[in-house]
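Asks: Chain by chain, the residues run as shown.
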Amino acid sequence: MGLPNVSGDFSSEMDVDAFRRLFPLRFYERHLVESIRPDARPLGRARDTTLALGAVTSTDGSALAKIGLTTMLAAIKMEVMTPSIETPDEGCIAIDFHMPPICSPLVRPGRPAEAEPVVSKQLCDTILSSGMINMKELSLISGKAAWMAYLDIYCLDADGALFDAALLSAVAAFSHLQIPVVSMNDDGRVVIISEEHQEGKDPVNKEKRKLTLSSIPFSLTSILHKKYILADPTAEEESIMDTLVTVVLDSSGRLVSLYKPGGTVLAYTSAIQDCIALTRQRVKELRNILDEAVSGMEVD
Amino acid sequence: MEIDRIDERTPNQLRPLICSRNVLNRAHGSSSWSQGDTKVLAAVYGPKAGTKKNENPERACIEVIWKPKTGQSGKLEKEYEMILKRTLQSICILTINPNTTTSVIIQVVSDDGALLPCAINAACAALVDAGIPLKHLAVAVCCGLADSGDVMLDPTKLEEQKMKAFTYLVFPNSVFSVLPEGSLQVEGEPVENGIITSVTQGLMSVSFKFVQVEDYLHCIERGRAASAKMSAFLRRSLQSQLPSDTLKAG
Numbered sequence: 001m002g003l004p005n006v007s008g009d010f011s012s013e014m015d016v017d018a019f020r021r022l023f024p025l026r027f028y029e030r031h032l033v034e035s036i037r038p039d040a041r042p043l044g045r046a047r048d049t050t051l052a053l054g055a056v057t058s059t060d061g062s063a064l065a066k067i068g069l070t071t072m073l074a075a076i077k078m079e080v081m082t083p084s085i086e087t088p089d090e091g092c093i094a095i096d097f098h099m100p101p102i103c104s105p106l107v108r109p110g111r112p113a114e115a116e117p118v119v120s121k122q123l124c125d126t127i128l129s130s131g132m133i134n135m136k137e138l139s140l141i142s143g144k145a146a147w148m149a150y151l152d153i154y155c156l157d158a159d160g161a162l163f164d165a166a167l168l169s170a171v172a173a174f175s176h177l178q179i180p181v182v183s184m185n186d187d188g189r190v191v192i193i194s195e196e197h198q199e200g201k202d203p204v205n206k207e208k209r210k211l212t213l214s215s216i217p218f219s220l221t222s223i224l225h226k227k228y229i230l231a232d233p234t235a236e237e238e239s240i241m242d243t244l245v246t247v248v249l250d251s252s253g254r255l256v257s258l259y260k261p262g263g264t265v266l267a268y269t270s271a272i273q274d275c276i277a278l279t280r281q282r283v284k285e286l287r288n289i290l291d292e293a294v295s296g297m298e299v300d
Numbered sequence: 001m002e003i004d005r006i007d008e009r010t011p012n013q014l015r016p017l018i019c020s021r022n023v024l025n026r027a028h029g030s031s032s033w034s035q036g037d038t039k040v041l042a043a044v045y046g047p048k049a050g051t052k053k054n055e056n057p058e059r060a061c062i063e064v065i066w067k068p069k070t071g072q073s074g075k076l077e078k079e080y081e082m083i084l085k086r087t088l089q090s091i092c093i094l095t096i097n098p099n100t101t102t103s104v105i106i107q108v109v110s111d112d113g114a115l116l117p118c119a120i121n122a123a124c125a126a127l128v129d130a131g132i133p134l135k136h137l138a139v140a141v142c143c144g145l146a147d148s149g150d151v152m153l154d155p156t157k158l159e160e161q162k163m164k165a166f167t168y169l170v171f172p173n174s175v176f177s178v179l180p181e182g183s184l185q186v187e188g189e190p191v192e193n194g195i196i197t198s199v200t201q202g203l204m205s206v207s208f209k210f211v212q213v214e215d216y217l218h219c220i221e222r223g224r225a226a227s228a229k230m231s232a233f234l235r236r237s238l239q240s241q242l243p244s245d246t247l248k249a250g
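These protein sequence lines are chains A and V, in that order.
The numbers in UniProt numbering rise by one with no breaks, and the one at position 11 of the first sequence is 11.
The numbers in UniProt numbering rise by one with no breaks, and the one at position 216 of the second sequence is 216.
Calculated from the structure, these hints are not laboratory results.
Cβ coordinates follow ideal geometry from the N, Cα and C atoms, glycine included.
Heads up, some of the hints might be wrong.
As the list claims (entries may be wrong) - Now the in silico label distances, taken between C-beta atoms and shown as ranges:
{"#": "1", "chain 1": "V", "residue 1": "Leu158", "chain 2": "A", "residue 2": "Asp89", "range": "21 to 31 angstroms"}
{"#": "2", "chain 1": "A", "residue 1": "Ala277", "chain 2": "V", "residue 2": "Gly71", "range": "21 to 31 angstroms"}
{"#": "3", "chain 1": "V", "residue 1": "Ala49", "chain 2": "A", "residue 2": "Pro112", "range": "20 to 30 angstroms"}
To be verified - Taking lysine-lysine pairs in the DSSO-like style, the calculated list, with each CA pair at most 27 angstroms apart, reads:
{"#": "4", "chain 1": "V", "residue 1": "Lys67", "chain 2": "A", "residue 2": "Lys226"}
{"#": "5", "chain 1": "V", "residue 1": "Lys135", "chain 2": "V", "residue 2": "Lys164"}
{"#": "6", "chain 1": "A", "residue 1": "Lys136", "chain 2": "V", "residue 2": "Lys48"}
{"#": "7", "chain 1": "V", "residue 1": "Lys164", "chain 2": "A", "residue 2": "Lys136"}
{"#": "8", "chain 1": "A", "residue 1": "Lys121", "chain 2": "V", "residue 2": "Lys75"}
{"#": "9", "chain 1": "A", "residue 1": "Lys144", "chain 2": "A", "residue 2": "Lys227"}
{"#": "10", "chain 1": "V", "residue 1": "Lys39", "chain 2": "A", "residue 2": "Lys121"}
{"#": "11", "chain 1": "V", "residue 1": "Lys135", "chain 2": "A", "residue 2": "Lys121"}
{"#": "12", "chain 1": "A", "residue 1": "Lys121", "chain 2": "V", "residue 2": "Lys53"}
{"#": "13", "chain 1": "V", "residue 1": "Lys229", "chain 2": "A", "residue 2": "Lys121"}
{"#": "14", "chain 1": "A", "residue 1": "Lys77", "chain 2": "V", "residue 2": "Lys67"}
{"#": "15", "chain 1": "V", "residue 1": "Lys67", "chain 2": "A", "residue 2": "Lys227"}
{"#": "16", "chain 1": "V", "residue 1": "Lys164", "chain 2": "A", "residue 2": "Lys121"}
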């Protein structure tokens with residue numbers, strides 16, 4: 001299996017793997033000309049995506065999302081807190097993204113990965129500005145008690161498009177979330193009551209509730225390289241071609257975020273429109289995947 | 001449609017720009033950039049020998065350190081560092097000084113909205129002052145989107161909080177060229193229309209139409225118009241030879 005003559009003299013007698021390592025960019029460009037990628041995907045196709053809800057039983061809501069090899073585990077823990085004075089009838093969400101050394105050879109123990117605070121901040125901005133969660137729903141007693149949702153996302157395998165997988169797992173964890181039942185104890189404090197001791201106590205919130213999620217955000221990261229747009233890049237592609245564009249659209253088609261942090265390729269209007277069109281397709285796919293996962297849970 | 005702004009600017013009006021270079025003695029290049037009450041100080045040290053870990057030694061490496069006005073740097077500062085680093089990487093010619101590191105240190109002096117664009121402009125002026133080889137300059141502008149759908153340029157902090165969405169856009173500066181007109185065009189658009197960096201926050205565009213990105217495209221259009229003005233200002237202030245020379249935009 002020899003490649004056609006592209007790198008002059010010695011590529012004809014070179015092994016494909018060696019060529020890939022020595023001339024990664026040329027290796028990719030040879031594929032791009034044929035509108036195909038080394039993993040046999042067309043340029044605009046995202047990798048296979050799977051979603052499993054309820055992966056962690058000790059939490060109130062959890063999900064495991066896989067986009068290709070990129071794996072994210074999201075879990076939500078609910079705690080009762082006193083709401084702030086400015087927003088007495090609103091709860092709060094704290095989002096944290098973790099990249100343990102297990103996820104990639106680039107992450108060393110002891111030193112946090114560079115991407116960690118960035119993805120964390122991006123997730124926080126996206127989830128809050130999309131208005132997916134009505135903070136008022138997280139209120140228990142106005143001015144006295146409200147829910148604090150701790151959302152932790154662990155990256156188990158980092159193979160590109162980290163933000164997409166993280167957002168998908170976060171959204172799925174919220175749709176799996178079951179708010180625990182609480183009651184007022186003798187000291188006047190709101191406590192979570194466990195299933196067995198429910199009798200004799202008056203629950204503040206009647207039954208286990210689910211959050212109503214309006215306009216769920218979904219995202220697609222693409223690479224711009226010359227005139228090509230590669231959807232859902234792998235870690236290898238991200239390291240070779242440096243211009244990333246992440247588009248987040250919500251389920252009603254509004255633009256939540258268009259994020260392009262630098263990169264050598266400039267984005268013109270047509271490229272932006274193409275990226276948005278690709279994302280719109282992907283939103284439909286992801287919606288179906290999420291709906292299937294949620295309905296699968298209800299059957300059980 | 002006219003909207004009232006707190007400081008009685010028109011929607012397209014930027015705040016007064018002040019740029020001074022060579023403000024620090026020990027730094028290899030420095031600049032101070034202010035837009036109204038937002039002020040940022042940038043210093044450039046380098047190129048120093050060697051690259052950081054996990055960086056490609058065949059290219060020059062750029063390191064950005066963001067110092068907030070008060071307190072320690074948190075997630076927001078880390079995100080700004082990453083955006084700034086990638087933006088500067090895209091305008092520097094990284095192949096000229098391989099295996100070197102250039103440090104860009106940003107110190108926020110006062111924040112009154114549009115902080116990241118202000119820092120990008122300051123960093124760009126400081127890189128020029130340090131003589132780091134650049135492909136072109138970067139011009140950053142902040143576009144705010146009011147509830148009514150109107151675009152306001154360069155919002156103050158108070159305006160930013162009231163707006164439903166805003167976006168930071170970075171464009172290349174407009175070039176003077178001896179080449180015939182049109183030869184620098186990419187896909188029918190001039191080079192300076194290409195977006196280097198885009199960061200948005202908040203929901204954009206109305207929900208009753210099918211194609212719902214007009215708001216964003218509208219922002220880009222207005223941002224481009226403003227970036228042309230800013231790049232003219234940047235050019236004027238960089239051309240002035242006297243180090244203490246400050247120019248005010250009209």
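Asks: Evaluate each hint against the coordinates.
Replies: Quick rundown of the hints versus the structure:
| no. | hint | result |
| --- | --- | --- |
| 1 | V/Leu158 x A/Asp89: 21 to 31 angstroms | holds, 25 angstroms |
| 2 | A/Ala277 x V/Gly71: 21 to 31 angstroms | violated, 42 angstroms |
| 3 | V/Ala49 x A/Pro112: 20 to 30 angstroms | holds, 27 angstroms |
| 4 | V/Lys67 x A/Lys226 | violated, 35 angstroms |
| 5 | V/Lys135 x V/Lys164 | violated, 35 angstroms |
| 6 | A/Lys136 x V/Lys48 | violated, 53 angstroms |
| 7 | V/Lys164 x A/Lys136 | holds, 19 angstroms |
| 8 | A/Lys121 x V/Lys75 | holds, 6 angstroms |
| 9 | A/Lys144 x A/Lys227 | violated, 56 angstroms |
| 10 | V/Lys39 x A/Lys121 | holds, 24 angstroms |
| 11 | V/Lys135 x A/Lys121 | violated, 30 angstroms |
| 12 | A/Lys121 x V/Lys53 | holds, 24 angstroms |
| 13 | V/Lys229 x A/Lys121 | violated, 32 angstroms |
| 14 | A/Lys77 x V/Lys67 | violated, 33 angstroms |
| 15 | V/Lys67 x A/Lys227 | violated, 37 angstroms |
| 16 | V/Lys164 x A/Lys121 | holds, 19 angstroms |
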